[in-house]
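Asks: Each chain, written out:
2 protein chains.
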Amino acid sequence: MDKKPLQTMSADEKAALLRETKEAYAAFQAKALKLNMARGVPGTDQLDLTADLLNALPAGADAVSETGDDVRNYGVLTGIAEAKKLFADILGANPDEMFIAGNSSLELMFTVMQISFVRGIAGCEPWCRQEKVKFLCPVPGYDRHFAVSGYFGAEMINIPTDENGPDMAMVKELVENDPAVKGIWCVPVYANPTGIVYSDETVRAFAALKPAAKDFRIYWDNAYCIHHLTEHPRKPLTINQACAEAGNPDIFYQFMSTSKITFPGAGVAAFNTSKTNMQELQKAIGIMTIGYDKINQLRHVRFFGTADKMRAHMEKHRALLAPKFNLVLDTLEKELAPYGLGKWNRPEGGYFISFYAPKGTAKRVVQLCKEGGVTLTGAGATYPYGNDPDDSNIRIAPTFPSLEKLAQAMELFCIAVKYAALEQMQ
Amino acid sequence: MDKKPLQTMSADEKAALLRETKEAYAAFQAKALKLNMARGVPGTDQLDLTADLLNALPAGADAVSETGDDVRNYGVLTGIAEAKKLFADILGANPDEMFIAGNSSLELMFTVMQISFVRGIAGCEPWCRQEKVKFLCPVPGYDRHFAVSGYFGAEMINIPTDENGPDMAMVKELVENDPAVKGIWCVPVYANPTGIVYSDETVRAFAALKPAAKDFRIYWDNAYCIHHLTEHPRKPLTINQACAEAGNPDIFYQFMSTSKITFPGAGVAAFNTSKTNMQELQKAIGIMTIGYDKINQLRHVRFFGTADKMRAHMEKHRALLAPKFNLVLDTLEKELAPYGLGKWNRPEGGYFISFYAPKGTAKRVVQLCKEGGVTLTGAGATYPYGNDPDDSNIRIAPTFPSLEKLAQAMELFCIAVKYAALEQMQ
Numbered sequence: 118m119d120k121k122p123l124q125t126m127s128a129d130e131k132a133a134l135l136r137e138t139k140e141a142y143a144a145f146q147a148k149a150l151k152l153n154m155a156r157g158v159p160g161t162d163q164l165d166l167t168a169d170l171l172n173a174l175p176a177g178a179d180a181v182s183e184t185g186d187d188v189r190n191y192g193v194l195t196g197i198a199e200a201k202k203l204f205a206d207i208l209g210a211n212p213d214e215m216f217i218a219g220n221s222s223l224e225l226m227f228t229v230m231q232i233s234f235v236r237g238i239a240g241c242e243p244w245c246r247q248e249k250v251k252f253l254c255p256v257p258g259y260d261r262h263f264a265v266s267g268y269f270g271a272e273m274i275n276i277p278t279d280e281n282g283p284d285m286a287m288v289k290e291l292v293e294n295d296p297a298v299k300g301i302w303c304v305p306v307y308a309n310p311t312g313i314v315y316s317d318e319t320v321r322a323f324a325a326l327k328p329a330a331k332d333f334r335i336y337w338d339n340a341y342c343i344h345h346l347t348e349h350p351r352k353p354l355t356i357n358q359a360c361a362e363a364g365n366p367d368i369f370y371q372f373m374s375t376s377k378i379t380f381p382g383a384g385v386a387a388f389n390t391s392k393t394n395m396q397e398l399q400k401a402i403g404i405m406t407i408g409y410d411k412i413n414q415l416r417h418v419r420f421f422g423t424a425d426k427m428r429a430h431m432e433k434h435r436a437l438l439a440p441k442f443n444l445v446l447d448t449l450e451k452e453l454a455p456y457g458l459g460k461w462n463r464p465e466g467g468y469f470i471s472f473y474a475p476k477g478t479a480k481r482v483v484q485l486c487k488e489g490g491v492t493l494t495g496a497g498a499t500y501p502y503g504n505d506p507d508d509s510n511i512r513i514a515p516t517f518p519s520l521e522k523l524a525q526a527m528e529l530f531c532i533a534v535k536y537a538a539l540e541q542m543q
Numbered sequence: 118m119d120k121k122p123l124q125t126m127s128a129d130e131k132a133a134l135l136r137e138t139k140e141a142y143a144a145f146q147a148k149a150l151k152l153n154m155a156r157g158v159p160g161t162d163q164l165d166l167t168a169d170l171l172n173a174l175p176a177g178a179d180a181v182s183e184t185g186d187d188v189r190n191y192g193v194l195t196g197i198a199e200a201k202k203l204f205a206d207i208l209g210a211n212p213d214e215m216f217i218a219g220n221s222s223l224e225l226m227f228t229v230m231q232i233s234f235v236r237g238i239a240g241c242e243p244w245c246r247q248e249k250v251k252f253l254c255p256v257p258g259y260d261r262h263f264a265v266s267g268y269f270g271a272e273m274i275n276i277p278t279d280e281n282g283p284d285m286a287m288v289k290e291l292v293e294n295d296p297a298v299k300g301i302w303c304v305p306v307y308a309n310p311t312g313i314v315y316s317d318e319t320v321r322a323f324a325a326l327k328p329a330a331k332d333f334r335i336y337w338d339n340a341y342c343i344h345h346l347t348e349h350p351r352k353p354l355t356i357n358q359a360c361a362e363a364g365n366p367d368i369f370y371q372f373m374s375t376s377k378i379t380f381p382g383a384g385v386a387a388f389n390t391s392k393t394n395m396q397e398l399q400k401a402i403g404i405m406t407i408g409y410d411k412i413n414q415l416r417h418v419r420f421f422g423t424a425d426k427m428r429a430h431m432e433k434h435r436a437l438l439a440p441k442f443n444l445v446l447d448t449l450e451k452e453l454a455p456y457g458l459g460k461w462n463r464p465e466g467g468y469f470i471s472f473y474a475p476k477g478t479a480k481r482v483v484q485l486c487k488e489g490g491v492t493l494t495g496a497g498a499t500y501p502y503g504n505d506p507d508d509s510n511i512r513i514a515p516t517f518p519s520l521e522k523l524a525q526a527m528e529l530f531c532i533a534v535k536y537a538a539l540e541q542m543q
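Protein chains in written order, with the numbering used here: chain A, 118 to 543; chain B, 118 to 543.
Treat the hints as calculated values from the structure; they're not laboratory data. Warning: the hint list may mix true and false statements.
Since the list gives no way to pick one copy over another, a pair counts as held whenever it fits inside one copy or between any two copies.
[What the hints assert, rightly or not] Result set (DSS-like, lysine-lysine): computed pairs, CA atoms no more than 30 Å apart in a straight line: (1) K476 x K522; (2) K139 x K202; (3) K148 x K131; (4) K148 x K522; (5) K151 x K400; (6) K400 x K487.
Based on the sequences and whatever the hints tell you, model everything.
Replies: Shown next, in the form of structure tokens:
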């Protein structure tokens, strides 16, 4: 049957297309494919790119940091100086305002929130003794962020986003008038899942916020800061520069990690904030641990040497990832666009494609894919409480499968979107 | 002057000895020694024992766990199966009841306490919503333990200890009658700092506790479980066996790490508790992190192979540490015993010698040592709130310095004890 927009089809044509789609679905199920695309997981070929990291600090090598500390032993809570310099360079931050930790930036985010909850920051009552705590959540967003703020009992408020980032008028209104609003989750570069890069105007609007709560902080998760998919990436304004210019240096906590640069299981996470904030947090972190894995920190520094080399290394990831993103986008363009089905972004970096199925069909699409052998991120996961009010957004994570498997998965995905849309129209 | 008990000396003799001691102290100060003995830190020679650990998982090696997971990638929250087996064997636990984490057992203790505080366990209200939380602290004990329970606002209650462990009548009385008592810190083997190994009777008394609070747990920090200083170490009853026999499997959380087996900065920490407890805690930990460093877990498994090999490896540590402990003990015996000054233990393992200076002099001894160039653990640190009611206990940490430096430090220490005691008698 010719491809044309569903709304131009007669009832008979739609019925015929649904029959055809169901047959295609059944044929696909018969293949008994098993593929998990639920998470933004690097492919094995990407992990192999940094195989030599494992040899970067061998037995007998000098295991002493530039400040003279044996990285094998206890101490140096805030991380080794050379790692601070490396990550500061990547973020455009001051090395004195860096904290280098373990393998998980999510754990760092959890930890700084835990400190606000248990002990309180900036002279405020701990959240656990405040009546109500609210968190702003630009949507669609990252489910693990929402899980963390939910864990600490925060009421989560959806903030719509467009191609420039979160709705800053709404953010300003809430942050500046409601002292229960304690934070906002941001993925400023190649956002999870929308791929949006916050505009400089958005970053400046964040830096200019005058929060009603002294213990409000922007949680700036710069997870994809150098994870470009294009040859000439944009150079967004850094939160550091914007906040310095606005005279508002204490308002943000910034995070990054090498989880998607080296190894997700064994990378290095970093945290950046003002010296004032850092001093406060350090005291609490020093009760939790004597220090993080400095051998792995030094291993990373020895492997990369400089931030420029780390940036250059990302080109190798791009070479592996860009074809996967193109395959997904081409398939959507070819299989769904002619039917007028769905909307999606064309990300210039990051790990995801954000797909909007016809309203009310996302759950069904995910279910059909699952029963067809492909596990996607759960529908609704990109919203707080797992509740997408439109039941529309689906996060596509194309990085882990091979191109061949990804092609199969996308074939199924497009069948499922058609199937669910036509079924709904009946 | 002849060495004899101070209490048998005349006032003149004591005055003369104080003058002599002050001269010795001044002579020592002139040497301008700088030595930090504040913490239980392995010596560089100990770190070199596991240098080859850094080569145990090189580039190109099979990086797949026995369950088929690529250890370089995300996931496997509770740790790789082969690491669970290795650590379970060391603890005498069930591999299904093990959780293998990052580089810090202290952080694990903090984390499980955080879960009780923020979310609550065993169906109880979170601690943050309970009026009062109390923690039992066998003294002298480990300052970092006290800092953790203090962080969560617990009122800490001193529990006296003798050569069999904590005063179990007092523990039973408090745990079984006061629902505000939520936990007790235990270092059951070569306790920090007393070196005590809990007797089997003590372990059984712990296992038999019937807490008033459903969310009471024993925090069993088995940090020194295989850190023997004698050729034929005792084989204490495990908490696992005792609790299984008592039908009380959910009452304990057990911790260990390889911080003092491989590298303090980059070892592997493990946590052991019943399946019921584990399921509850896992859910909360899974919000905090996607997983720990499995590369380092596999690296440790590949390096050691078996628990027996890990135990055998500890003999190499003993060869380096036993002479240091003997030097300290011999010096105390020679320099202080004849004056009837001080009491101390002769540990069969662990990292510390617990020294009792004459009442009211510990702070002064530590100050004199500091001004003489040797930093000791702060006086009072071995008690909650840093408050040793007798101002007597000092933790001696002999592991880090070379034998030569340790001899100098102990010379100063003995001078300082004499100095402070005589000064006090004036």
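Asks: Which of the stated hints cannot be reconciled with the structure, identified by number in ascending sequence?
Replies: Violated hint (a single one): 2; every other hint is consistent with the structure.
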